[in-house]
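Peer 1: Spelled out from the first residue to the last, the chains are:
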Amino acid sequence: MMEAVQIRHRHLLDLEDWSASEIESLWRTTDAMMEVMQRKVKKVPSLQGFTVATLFFENSTRTRLSFERAAKVQSAEVLNFAAGGSSLSKGESLKDTLRTIDAMQADLYIVRHVAAGTPYQLSRWTDASIVNAGDGRRAHPTQALLDGYTFRRCFEGFDGFRGKRLTIVGDVMHSRVARSNISLWTKLGAEVVLCGPRTLLPAELEQYSGVRRCFRLEEAIEGAHAVMALRMQRERMQGGLFPSLAEYQARYQVTTKMMERAHPHAIVMHPGPMNRDVEIEGVLADSERSVIEEQVAHGVPVRMAVLYSLLVGRGR
Amino acid sequence: MRQVIKNARIWGVTGLAEKADLYFREGVIEGMGLGGEVDRVWDAKGALLAPAFIDLQTHLCEPGFEVREGLESGLKAAVAGGFGTVVMMPDTDPILDDPAQVAQIQAKASALGFAKLCPAGALSRGMQGEQLSDMWALREAGVVMVTDGTKAVKDGHLFRRACEYAAEVGLLVQGGSLDASLCQGGVMHEGRVSERLGLPGQPAIAERLALFRDAEIARQTGARVHFGPITTEESLLLALWLRERGAPISIATTPHHLLLSDESMASFDPRYKVSPPLRPPADVKALRKALTDGLFDCLSTDHQPWTLAEKELDLLQAPSGIGGLETAWAVLYTSLVVPRLMELDVLLRAWTQGPAKVMGWPTPKLEEGSPATMVLLDLDQARPVEEKQLASKARLSPWEGQMLCGWPVATFVEGRCSFLREENGLSREGFLGH
Numbered sequence: 060m061m062e063a064v065q066i067r068h069r070h071l072l073d074l075e076d077w078s079a080s081e082i083e084s085l086w087r088t089t090d091a092m093m094e095v096m097q098r099k100v101k102k103v104p105s106l107q108g109f110t111v112a113t114l115f116f117e118n119s120t121r122t123r124l125s126f127e128r129a130a131k132v133q134s135a136e137v138l139n140f141a142a143g144g145s146s147l148s149k150g151e152s153l154k155d156t157l158r159t160i161d162a163m164q165a166d167l168y169i170v171r172h173v174a175a176g177t178p179y180q181l182s183r184w185t186d187a188s189i190v191n192a193g194d195g196r197r198a199h200p201t202q203a204l205l206d207g208y209t210f211r212r213c214f215e216g217f218d219g220f221r222g223k224r225l226t227i228v229g230d231v232m233h234s235r236v237a238r239s240n241i242s243l244w245t246k247l248g249a250e251v252v253l254c255g256p257r258t259l260l261p262a263e264l265e266q267y268s269g270v271r272r273c274f275r276l277e278e279a280i281e282g283a284h285a286v287m288a289l290r291m292q293r294e295r296m297q298g299g300l301f302p303s304l305a306e307y308q309a310r311y312q313v314t315t316k317m318m319e320r321a322h323p324h325a326i327v328m329h330p331g332p333m334n335r336d337v338e339i340e341g342v343l344a345d346s347e348r349s350v351i352e353e354q355v356a357h358g359v360p361v362r363m364a365v366l367y368s369l370l371v372g373r374g375r
Numbered sequence: 012m013r014q015v016i017k018n019a020r021i022w023g024v025t026g027l028a029e030k031a032d033l034y035f036r037e038g039v040i041e042g043m044g045l046g047g048e049v050d051r052v053w054d055a056k057g058a059l060l061a062p063a064f065i066d067l068q069t070h071l072c073e074p075g076f077e078v079r080e081g082l083e084s085g086l087k088a089a090v091a092g093g094f095g096t097v098v099m100m101p102d103t104d105p106i107l108d109d110p111a112q113v114a115q116i117q118a119k120a121s122a123l124g125f126a127k128l129c130p131a132g133a134l135s136r137g138m139q140g141e142q143l144s145d146m147w148a149l150r151e152a153g154v155v156m157v158t159d160g161t162k163a164v165k166d167g168h169l170f171r172r173a174c175e176y177a178a179e180v181g182l183l184v185q186g187g188s189l190d191a192s193l194c195q196g197g198v199m200h201e202g203r204v205s206e207r208l209g210l211p212g213q214p215a216i217a218e219r220l221a222l223f224r225d226a227e228i229a230r231q232t233g234a235r236v237h238f239g240p241i242t243t244e245e246s247l248l249l250a251l252w253l254r255e256r257g258a259p260i261s262i263a264t265t266p267h268h269l270l271l272s273d274e275s276m277a278s279f280d281p282r283y284k285v286s287p288p289l290r291p292p293a294d295v296k297a298l299r300k301a302l303t304d305g306l307f308d309c310l311s312t313d314h315q316p317w318t319l320a321e322k323e324l325d326l327l328q329a330p331s332g333i334g335g336l337e338t339a340w341a342v343l344y345t346s347l348v349v350p351r352l353m354e355l356d357v358l359l360r361a362w363t364q365g366p367a368k369v370m371g372w373p374t375p376k377l378e379e380g381s382p383a384t385m386v387l388l389d390l391d392q393a394r395p396v397e398e399k400q401l402a403s404k405a406r407l408s409p410w411e412g413q414m415l416c417g418w419p420v421a422t423f424v425e426g427r428c429s430f431l432r433e434e435n436g437l438s439r440e441g442f443l444g445h
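Sequence order for the protein chains is A and B. When we follow the working numbering, the leftmost residue of the first sequence carries the number 60, and every step to the right adds one. When we follow the working numbering, the leftmost residue of the second sequence carries the number 12, and every step to the right adds one.
So here's chain A without its partners, still in its complex pose (with noise of 0.2 Å):
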């Protein structure tokens, strides 16, 4: 059905140590699921025989449903656990609550937890492979590739990363989306412009190279390729970091206006969820340049493609 991919991980924790030709590999594996989902009848038995387990410690349902999605589809097993911070106030440790999920024997877990780092210490502590469905301000890898895939179809005329810049506005200090975006945008060659107000983007996000900070929208949009508007969280105001929306919006809200400074093909992506005239203007979410659809349509693929190649394409 599908060619065999070449990828060597057991686990997908963040992008950090995935080549850009494995990740290549692996959106080929997508295209081939794209085709699936365009299909009457949604189920191949790629995964027969397979269980894969939802770890939720912290609630999501849109990343858990597009996982469970990708699963069922090639026919595997779910088992769901949400966990909501639930085992930590019955005095479990980490590792108590691993070891009991363990013994239900799925063969891939798929963790999501509000503190970074959990998916690499389930994964010293289990024999399954360990999927990284965000964890905490670090790493969303799945998100990543959907997004670096959307580009990849969406943009007109797309002929490679290299040479491309994609900006990123707002929260960028609690994202893990911007990281792990991060991450896939600079492995393939892409500049990555960061806006923000200063308290949300950290000097240090500036050690990773192809990366610069940037304050004022009209700037970090000028010629982007794509510009990615994160969700911004009320409880900021709380810590300090803005001062209101009000203040924020009018500096920061990504508006059809502000897009035509950006190339003439670019695009608009927001991670969801999307508070609407906040940081992305309406219209703009509604109009041709936005893929922030097509983003969560490609979720289920590329889930589907990352299942596949950790349970079965690899060790062929």
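Treat the hints with care, as some may be off.
Some chain B residues close to chain A (C-beta under 8 Å, calculated; not the full set) [stated by the list, open to error]:
| # | residue |
| --- | --- |
| 1 | G202 |
| 2 | L208 |
| 3 | L324 |
| 4 | D325 |
Below, computed lysine to aspartate or glutamate pairings styled on DMTMM-like, alpha-carbon distance capped at 25 Å [what the hints assert, rightly or not]:
| # | chain 1 | residue 1 | chain 2 | residue 2 |
| --- | --- | --- | --- | --- |
| 5 | A | K154 | B | D280 |
| 6 | B | K119 | B | E245 |
| 7 | A | K246 | B | E274 |
| 8 | B | K165 | B | E245 |
| 9 | B | K399 | A | D155 |
| 10 | B | K17 | B | E37 |
Don't read these hints as lab results, they were simulated from the structure. All C-beta atoms, glycine included, are put in the ideal place defined by N, C-alpha and C.
For chain A, the structure is supplied; the task is to place chain B on it using the hints.
Peer 2: Okay, now just chain B, sitting in the frame of chain A:
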């Protein structure tokens, strides 16, 4: 009872090339090579004999948190690490702010008969930072220091009053070395590594600012203020500057801050989560140089036990701190003295004369009339750190599996052998309490 330790290289007396016999009776050193009848002969087999170590920052968790550590396990760990005296932090449950409770703990510790316990009392009642503790009564009960922990007392006014009061009582105050309001949920040093790991960081200035306030209060009030772990080059420089200007302060650092950097956190292993956090390699280097140059008054372990279950949480939830009594000497000896980065004398002083001077205690010496509180160190034989073999309940070490040498083979506390590592093929460790 009269005893002799034969064939020992005696620090500060014989030099490292010669061996001698040291006689002691009823807990007091008699002298070298005296001869005569003895009740007990110990053969040092060429090991180095030094005054036992002193730790000014040990958390023993009893009462209240015996699942983490207790007087027995903690004091056993102390003698196994070569410590004859430990200053116990008051963060127990209940908090050590009551003279009766201090007396009780001391009675229990001396009945156990391992390392000598010197309690630190709370600086404020319940360590709440609102009302001063009964410092006179605490001192009379045996407290040697007052502290509300290494996080700076929130209310500068209260800390000032505490210092004025303690100066009159004659108690050493342990100052704050972290401004909690600047730490904001940070779990490691804020910098390039924390950014890369996506972990919230604490800025280094949180240490410097707390130090600055408390040291200036020391200068104004004349109170002697001791700072637990000083961990950055900048705060070290600040401490030295303040000391030059007459602030009556003393400073320490820990083995983990001298040997590990924030890069350790890349393993996402909560054993490296400590407070103050591990710093970048440049700070580590500066701390080592400062220790070599004698700028630190002493070292301390900041032995902070947690159960495995508590530590095996994610990095946001896992508590800060690591046990270290048993490995403190051996790891520094192996990492710094063996590769000739530091003189043996400097390291020994930092664990013996240094802390005694900070406390205003008599200089520990191996000469006639001094207490026979001593440690025998096997400088040659290497042995791995084995967490499972630790006497402490905190069986987690950053140095698990590492081959270290310099291990204590016997610890004597006022003439009583409290720890003996028998190497005659059995390798059995013995703790000899009362």
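Peer 1: Hint by hint, work out which the structure violates, then give me just those numbers in ascending order.
Peer 2: 6
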